[in-house]
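**Q** So the chains spell out like this:
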Amino acid sequence: MVSIEQYGEFETSWCPGCGNFSIVKSLKKALTELDLAPHEVMVSAGIGQAAKTPHYMNCHMFNGLHGRSLPVAQGMKMANPEMTVICESGDGCSYGEGGNHFLAAIRRNLDITLLVHNNQIYGLTKGQASPTTVRGMVTKTQPDGAPSEGFNPITVAVAMKAGFVARAFSGEPDHLVETIKAAVNHKGFSLVDILQPCVSFNKVNTFAWYKERSYILEGHDTRDWCGAMEKADEFDEKIPLGIIYQNGRQPFSNVGQLATQSYNKDDLKAVLQSYR
Amino acid sequence: MSDTSINIVIGGAAGQGLATVGTLMAKAMTRAGYHILVNQKYMSRVRGGHNTFTIRMGPDPVVSITDDIDILVALDAETLELHKDDLREDGLVIHGDDIDSAGFNALRIPFKDLASKPLFYNIVALGVLGGAACQDSAIFETLLSETFSKKGDAVVEANVDVIRKSFEWVKEQKVSFSCIASAKESNTDRLMLNGNEAIALGALAAGCNFLSFYPMSPSTSVADTLITKGRGLGLKYEQVEDEIAAMNMAIGASYAGAKSIVTTSGGGFALMVEGISLAGVSETPIVTIIVQRPGPATGMATRTEQGDLNLVLYAGHGEFPRAIFAPGNVEECFYLTHRAFDLAEEYQTPMFILSDQFLADSYADVEMFDLDTLPETTKPLLKTESEPYKRYELTEDGVSPRMIPGYSETLVRADSHEHDEMAAVTEDGANRVLQNSKRLSKESGLIQDVIGPDHYGEEKPDVLLMCWGTSLGACLEAADTYEGKSIAVLHFKQVYPLREEQFMDYLEAAGEVVAVEGNATGQFAKFVAQETGFRVGSYILRFDGRPLSPQYVLKGLNSII
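Those sequence lines, one after another, are chains A and B. Take the first sequence: its position 90, counting from 1, is numbered 90 in our numbering, and each next residue is one higher. Take the second sequence: its position 97, counting from 1, is numbered 97 in our numbering, and each next residue is one higher.
None of these hints come from the bench; they were simulated from the model. Remember, it's a predicted structure, so these values are computed and weren't measured experimentally. Mixed in with the good hints there might be a few duds.
[Claimed, not checked] Mimicking EDC-like on lysine to aspartate or glutamate, the simulated pairs with C-alpha atoms at most 20 Å apart in a straight line are: (1) K383(B) / E9(A); (2) K269(A) / D420(B); (3) K269(A) / D90(B); (4) K265(A) / D370(B); (5) K265(A) / D97(B); (6) K383(B) / E33(A); (7) K269(A) / D462(B); (8) K390(B) / D420(B); (9) K265(A) / D372(B); (10) K25(A) / E178(A); (11) K390(B) / E178(A); (12) K165(B) / E241(B); (13) K269(A) / E367(B); (14) K161(A) / E241(B); (15) K25(A) / E9(A); (16) K174(B) / E241(B).
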C-alpha cells in the first residue's frame with residue numbers, strides 16, 4: 001500500500017493562502033488512493049507558479065519550458081506507456097503559450113492527464129492578464145481592461161469531444177481528489193481545469209468569488225454532448241464543478257517501451273537490402 | 001584522369017513522372033555495376049513548371065554532378081530550350097512527337113506506336129533511354145517486375161512488354177551516339193539511395209526508435225523513410241502540430257528512454273531553438289536533422305543552400321555543448337548520423353546533422369553498409385546502485401550518469417531551470433558556476449572525438465579549396481581537372497567543434513586557401529577565422545539555389561588565379 005508520506009513534504013515558494021497548496025495536496029492524495037507510488041508517476045511541467053508542483057512532491061519529473069509541458073508529457077507516454085503521466089501547468093502555459101498543443105493533445109488522445117491550475121491571471125510574472133482573464137479586468141499591463149474575451153477551456157474541450165473533461169476547485173479538495181482519480185483512471189487524454197484563487201494578483205476571482213458561484217454537479221449525464229456543452233458554457237453566475245463530459249474514444253496507441261527495445265540485426269539488414 | 005562518365009538529363013513538368021523514369025534508370029544502372037550520382041532540381045509545385053532529374057553514370061566512381069549533358073530526355077519543349085546550350089557536341093536529344101528538334105542529334109520517340117496508352121509513356125522513355133545508353137533490357141525487365149509485382153501479373157506483363165518493345169525500337173534506329181564503356185564490375189550488393197534515406201538508415205542502425213516531426217521540404221523524406229522502414233522494426237513516430245511540439249516531444253521521449261530524432265529544415269529549426277536550449281540544460285540526448293534550403297524565411301523551398309550553419313552553430317540561448325556534422329556524400333550521411341546518436345547519448349547534449357536539398361535528393365550507389373562493424377552506441381542506465389541518485393552529479397568530465405525513469409524505484413528528475421545535482425531549482429551563484437561549468441566541460445571530451453577534415457591532394461598545393469558538407473564533390477572534381485597548378489581539397493564533415501591541430505598545417509602550407517561554400521557570406525570560413533585567426537585568401541560562393549558544380553568552381557578558380 002502506498003502512503004501519502006512517500007510523496008513527501010516540501011517548502012514552497014507560493015504565497016500564503018495560494019490555491020496551489022490544496023491542489024498539490026489533493027494530487028498526492030489522489031495518487032495515493034490510486035495506489036500509485038512516486039516511481040510509477042511521471043510529471044511533466046511547464047513554467048509558472050502551478051508548474052512548480054512536481055518540485056514539491058516526490059515523482060519522476062521533467063520541468064521543461066513555458067507552454068511545452070504537453071508535448072513533453074506525450075513524448076514520455078509514447079516512450080513508456082506503463083507510467084502514469086501527468087501534465088502540470090497553469091492557464092497561461094496550457095491555454096496561451098501552449099494553446100496549439102492543447103488542441104493537438106485533445107485530438108491525439110494519448111493516455112495522459114492535464115491538470116491546469118486556472119487562476120485567471122499570470123502569477124509568476126506578477127499580475128498580467130492570462131488567456132482566461134475575463135474581458136475588462138484591469139491589470140498593470142491592461143490598464144484599460146483586458147481587451148480579449150476570456151478563453152473557456154471546457155467549452156473548447158467539449159466541442160472537440162475530448163475523452164474526459166472536468167472542472168474542479170481548489171476550495172473543494174475532496175471533490176478535487178475524486179476528480180483527479182477519475183481523470184487518471186480514464187483511458188485517454190483527460191483535462192481537469194482547476195479553479196484556483198491567486199491571492200496576490202487576482203482581486204476579482206477570489207476564493208469567495210469562486211465559492212459563491214461554484215456548485216458540484218449532480219445527476220448530470222456526462223455522456224450527453226449537448227447537455228455537456230450547456231454546462232461547459234456556464235461560467236458566470238453559476239459555475240458547475242465535476243465531470244462535464246466523457247466518452248470512450250480510442251486512445252492513441254503508437255506507443256512502446258522504448259528504453260528496453262532494440263532492433264533485430266537481421267531485420268535491419270533486410271531494410272538495407274531493400275535498397276539494392 | 002579522363003572522364004569516362006556520361007551525364008543524362010531528364011527534363012519536364014512536374015506530374016510527368018520524370019522522377020519515376022530517373023529513379024528506375026539510376027537503379028538499373030547501379031545494378032548493372034555502374035557508379036551513379038543523381039541531381040534533382042524541381043520547383044515547389046505539384047503540377048507544371050520545369051523539373052530535371054540528372055544521372056551521371058560511369059564505370060569509374062562519380063564524385064560530383066556536372067553541367068555538361070550527353071543525353072537529354074526532353075519530356076516537353078521547354079526542356080530542350082532551357083538545356084540546349086549545355087549539350088555536348090555529340091550529345092543526343094530524346095523526345096516525343098510534339099517537339100521540334102531540327103538541327104540536333106535527336107531520337108524522336110513514336111510514343112503512340114510503342115504504348116497502348118499514355119500511362120506507359122514513362123516506361124517507353126525509360127526503354128529508349130536504356131537502349132540509347134547501349135544497355136541490356138534484361139535488367140530493366142527484372143526491375144519493372146519487382147517494382148510492379150504488388151499490382152499483379154497483368155500490370156507486370158504490360159510494363160515488361162512496353163520496355164521490350166522500346167528497346168527493340170531503339171535497335172532499329174540510326175543513333176549516332178558512342179556507347180558508354182562497360183561497367184567494370186557487376187557488384188550486386190551495392191545500394192542505391194539518396195542522402196535523406198541514408199540519414200534515416202543511419203539513425204535506424206543506431207537504434208533510433210522515436211521520431212516527432214512536422215513536414216518541411218526538403219527534409220520530409222528523412223521522416224518518410226524512417227516511418228516506412230522503421231515502423232516494422234518498432235519505431236514510434238508522430239507527425240505533430242508544429243516544430244516546437246516536435247522538439248519538445250522528442251525531448252520528453254528521450255528523457256523516458258527513447259532514442260529520439262527530429263527532422264526539419266531551417267525555418268522549422270528556427271522554431272525548435274528554445275527546445276535545443278532545453279535539451280542542453282536538461283542534458284537530454286537529441287539528434288536533429290536540418291536539411292537546408294535557401295532562406296531567409298520561406299526562401300526557395302525546393303532549392304539548395306549551405307546557409308544555416310550560423311543558425312545551427314549558435315542555436316539556443318545560454319551556453320551549452322554540441323557537435324555539428326555535415327556529410328559530403330550519401331555514405332557519410334549514414335555513418336555520421338549513426339555517430340551523432342552515439343555522441344548524443346555519451347555527452348547528453350544536442351547533436352546536429354546539417355545536409356541540404358542537393359544531397360537530400362541525390363541518389364548514389366554505395367557499398368552495402370556493414371552493420372557488424374559499426375561501433376556499439378552508448379547506453380543509458382536503467383537502474384543505479386548509488387543512492388541518492390544525482391541526475392546532475394558533478395563529475396570530472398562533466399558527464400553525469402543518465403538514468404531512465406520507470407525501470408526501478410529511483411526517481412529521475414530533470415529541469416530546465418538552473419538546478420543543483422538533484423535537479424532542484426536554485427539561484428545560488430556558486431552552484432550555477434559549478435553546473436554551467438560541468439555542462440561546458442563536456443566539450444573537452446567532444447573535442448577529443450572530433451572527426452578531422454579529409455585532405456585530398458598535395459600537402460603543399462598552389463591552391464587549397466576549403467569546403468564543408470555537400471560542396472565536397474564539386475571541389476574534388478574541379479581540383480582533379482584544373483590544369484597548370486596543383487589544387488588540393490580540405491573537406492570538413494564535422495564543422496563544430498573544430499580541433500586546430502587537425503588542419504592548421506594544411507591551411508598554412510597552401511599557396512592560397514580558397515573557401516568554397518553554398519552560401520553568400522562564407523559562413524564556415526569566417527567561423528574558422530574566428531576560432532583560429534586564419535583568414536582565407538578568397539571565396540567561391542554559390543547562392544542561386546543551385547548546387548555547386550565542378551564547372552562553377554573552375555570558373556571561380558580561373559577568376560582568382
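**Q** Straight-line Cα separation of K269(A) and E367(B) no greater than 20 Å?
**A** holds, 13 Å
**Q** With the threshold set at 20 Å, check whether the alpha-carbon distance from K390(B) to D420(B) stays at or below it.
**A** holds, 9 Å
**Q** Need the status of pair K269(A), D420(B): alpha-carbon distance at most 20 Å?
**A** violated, 44 Å
**Q** Sort out whether E9(A) lies within 20 Å of K25(A), counting only the CA atoms.
**A** holds, 9 Å
**Q** Against the 20 Å threshold, does the CA-CA distance of K269(A) and D90(B) hold or violate the hint?
**A** Judged against 20 Å, a Cα distance of about 43 Å means the pair is violated.
**Q** Between K25(A) and E178(A), is the straight-line Cα distance small enough, at 20 Å or below?
**A** With Cα atoms ~13 Å apart, K25(A) and E178(A) stay inside 20 Å; holds.
**Q** With the threshold set at 20 Å, check whether the alpha-carbon distance from K174(B) to E241(B) stays at or below it.
**A** Between K174(B) and E241(B) the Cα gap is close to 57 Å, so the pair fails against 20 Å, i.e. violated.
**Q** Given the hinted pair K383(B) and E9(A), is their Cα-Cα distance within 20 Å?
**A** Distance ~25 Å between K383(B) and E9(A) Cα, so the pair is violated.
**Q** Is K165(B) close enough to E241(B), meaning Cα to Cα at most 20 Å?
**A** violated, 49 Å
**Q** Given the proposed pairing of K390(B) with E178(A), does the C-alpha separation stay at or below 20 Å?
**A** violated, 34 Å
**Q** Are K269(A) and D462(B) close enough, with their CA atoms no more than 20 Å apart?
**A** violated, 45 Å
**Q** For the pair we were handed, K383(B) and E33(A), check the Cα-Cα distance against 20 Å.
**A** Measuring from Cα to Cα gives roughly 27 Å; hence the hint is violated.
The structure fails hints 1, 2, 3, 5, 6, 7, 11, 12 and 16 (numbered hints given earlier, in ascending order).
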